[in-house]
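Okay, here's what each chain looks like letter by letter:
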Amino acid sequence: MDTLTLMFLLIATITIAGSLITLWSKYVVHSVFGLMLALLGVAGFYVLLGADFLAVTQIVVYVGGVLVLYLFGIMLTPPDRAERNVKLIVFCSLPAVAGAMYLIGSARAMEGKWLPGKELPPPPGKHLIHQVGHSFLDKDQYLLAFELASVLLLVVLVGAVYIARRRWEASE
Amino acid sequence: MIALTTLLAPFTMPLTPIATLQEIPGTTLPLTWFLIMSLVLFTVGVLTVITRRNTVYILMGVELMLNAASLNFIAFSRYRGEAALLDGTVISTFIIVLAAAEAAVGLAIILNIFGLFGSIRPEDPNLMRE
Numbered sequence: 008m009d010t011l012t013l014m015f016l017l018i019a020t021i022t023i024a025g026s027l028i029t030l031w032s033k034y035v036v037h038s039v040f041g042l043m044l045a046l047l048g049v050a051g052f053y054v055l056l057g058a059d060f061l062a063v064t065q066i067v068v069y070v071g072g073v074l075v076l077y078l079f080g081i082m083l084t085p086p087d088r089a090e091r092n093v094k095l096i097v098f099c100s101l102p103a104v105a106g107a108m109y110l111i112g113s114a115r116a117m118e119g120k121w122l123p124g125k126e127l128p129p130p131p132g133k134h135l136i137h138q139v140g141h142s143f144l145d146k147d148q149y150l151l152a153f154e155l156a157s158v159l160l161l162v163v164l165v166g167a168v169y170i171a172r173r174r175w176e177a178s179e
Numbered sequence: 210m211i212a213l214t215t216l217l218a219p220f221t222m223p224l225t226p227i228a229t230l231q232e233i234p235g236t237t238l239p240l241t242w243f244l245i246m247s248l249v250l251f252t253v254g255v256l257t258v259i260t261r262r263n264t265v266y267i268l269m270g271v272e273l274m275l276n277a278a279s280l281n282f283i284a285f286s287r288y289r290g291e292a293a294l295l296d297g298t299v300i301s302t303f304i305i306v307l308a309a310a311e312a313a314v315g316l317a318i319i320l321n322i323f324g325l326f327g328s329i330r331p332e333d334p335n336l337m338r339e
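From first to last, the protein sequence lines are chains A and B.
If you count by the numbering used here, then the first sequence holds residues 8 to 179, one letter each, in order.
If you count by the numbering used here, then the second sequence holds residues 210 to 339, one letter each, in order.
The hints are simulated quantities; they were obtained by calculation from the structure and are not laboratory data.
A hint or two may mislead.
[As the list claims (entries may be wrong)] If you anchor each label on the Cβ, the simulated ranges turn out as follows:
#: 1; chain 1: A; residue 1: ASP147; chain 2: B; residue 2: PRO334; range: 22 to 32 Å
#: 2; chain 1: B; residue 1: ASP333; chain 2: A; residue 2: ALA105; range: 32 to 42 Å
#: 3; chain 1: B; residue 1: ILE318; chain 2: A; residue 2: LYS33; range: 18 to 28 Å
#: 4; chain 1: B; residue 1: ALA293; chain 2: A; residue 2: VAL63; range: 16 to 26 Å
#: 5; chain 1: B; residue 1: MET337; chain 2: A; residue 2: MET108; range: 39 to 49 Å
#: 6; chain 1: B; residue 1: PRO334; chain 2: A; residue 2: VAL67; range: 25 to 35 Å
[Stated by the list, open to error] Now the stretches of chain A that chain B is said to cover, found in silico as 3 or more residues with beta-carbon under 8 Å:
#: 7; segment: 33 to 47
#: 8; segment: 66 to 76
#: 9; segment: 136 to 146
#: 10; segment: 163 to 169
All C-beta atoms in this analysis are idealised placements derived from N, C-alpha and C, irrespective of residue type, glycine included.
With the sequences and hints as input, model every part of the structure.
Structure below.
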């Protein structure tokens, strides 16, 4: 077993453990930390696949921002024991496992068909972040999507503050 | 109508040589492993969404599903070469932006629902039913 396989198995264990904690844990805060494990594992997969920029973005935005937002949201809502519908989990797991098996079969069958080469070109070097920055601001590539995303973030910033204000007291 | 043979095709067709990720000479990592990981994440996300009785969990399940989709984008683009990896990175960045926006608005709505109904269970806000 070589190093790459070992790294993959390690990261896969962390990710699956984190997502299962999210699914099964009795306490909401434990679930949030399980989600953090899963997101860090996905960032590890990005590093393994050579997308360093995305891994850093994932850690900064998700672990640094979104999870703190979740913790605040949990703190501002009642200390609710997170109820699970265990029967429903068992009931839904069977079709989920069946669908997963089918999709694994499909993935194995189409592999090598859609992909041009059996061997990959060498991993991208330091130019990738360069290219990402240029493609964000190139009007022939992703400039429109980039500007739309910034407008969306502005709207979300204002809209979330507007929605979350204490309106119910004023109406009474 | 989909014929049964079409549905069974993934299992019956002979396996083509597996595309491999070669970072260091002598080491390989098949694409299927990443697809299976993303499949596991997506399945756990769906189960979280449909089995929990707390609205915060629904948002957390959606985060897991978005991460699975993003991992799929990156895996496919990595196995198609450097130019494709650029596109995959950009698209996944937009997915992260959308997920952050969704979490912010979703939690704001949950806070509002808690203020109005005193509960964050998804079945409690039922004003339109009465």
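Outcome for the supplied range 32 to 42 Å, where the beta carbon pair is ASP333/B and ALA105/A = 33 Å, holds
Within 39 to 49 Å or not, the Cβ separation of MET337/B and MET108/A?
-> Given a distance of about 40 Å, which is inside 39 to 49 Å, the answer is holds.
Could you see if the CB distance from ALA293/B to VAL63/A stays within 16 to 26 Å?
-> About 20 Å separates the Cβ atoms of ALA293/B and VAL63/A, which means 16 to 26 Å holds.
Within 22 to 32 Å or not, the Cβ separation of ASP147/A and PRO334/B?
-> 46 Å, violated
Take the segment 163 to 169 of chain A, compare each residue's beta carbon with every beta carbon of chain B, and decide whether three or more fall closer than 8 Å.
-> Contact hint for the segment 163 to 169 of chain A vs chain B: holds, 5 residues under 8 Å.
Quick one: are PRO334/B and VAL67/A within 25 to 35 Å, going by C-beta?
-> At roughly 34 Å between Cβ atoms, VAL67/A and PRO334/B fall inside 25 to 35 Å, so the hint holds.
The segment 33 to 47 of chain A covered by chain B? Criterion: 3 or more residues, Cβ-Cβ distance below 8 Å.
-> holds (count 6)
For the segment 66 to 76 of chain A, do three or more residues have a beta carbon lying closer than 8 Å to a beta carbon of chain B?
-> holds (count 5)
Three-residue Cβ test at 8 Å for the coverage of the segment 136 to 146 of chain A by chain B | holds (count 4)
Could one say that the CB atoms of ILE318/B and LYS33/A fall in the range 18 to 28 Å?
-> Since the Cβ atoms of ILE318/B and LYS33/A sit about 25 Å apart, the hinted range of 18 to 28 Å holds.
When the structure is compared with the earlier hints, a violation turns up for hint 1 alone.
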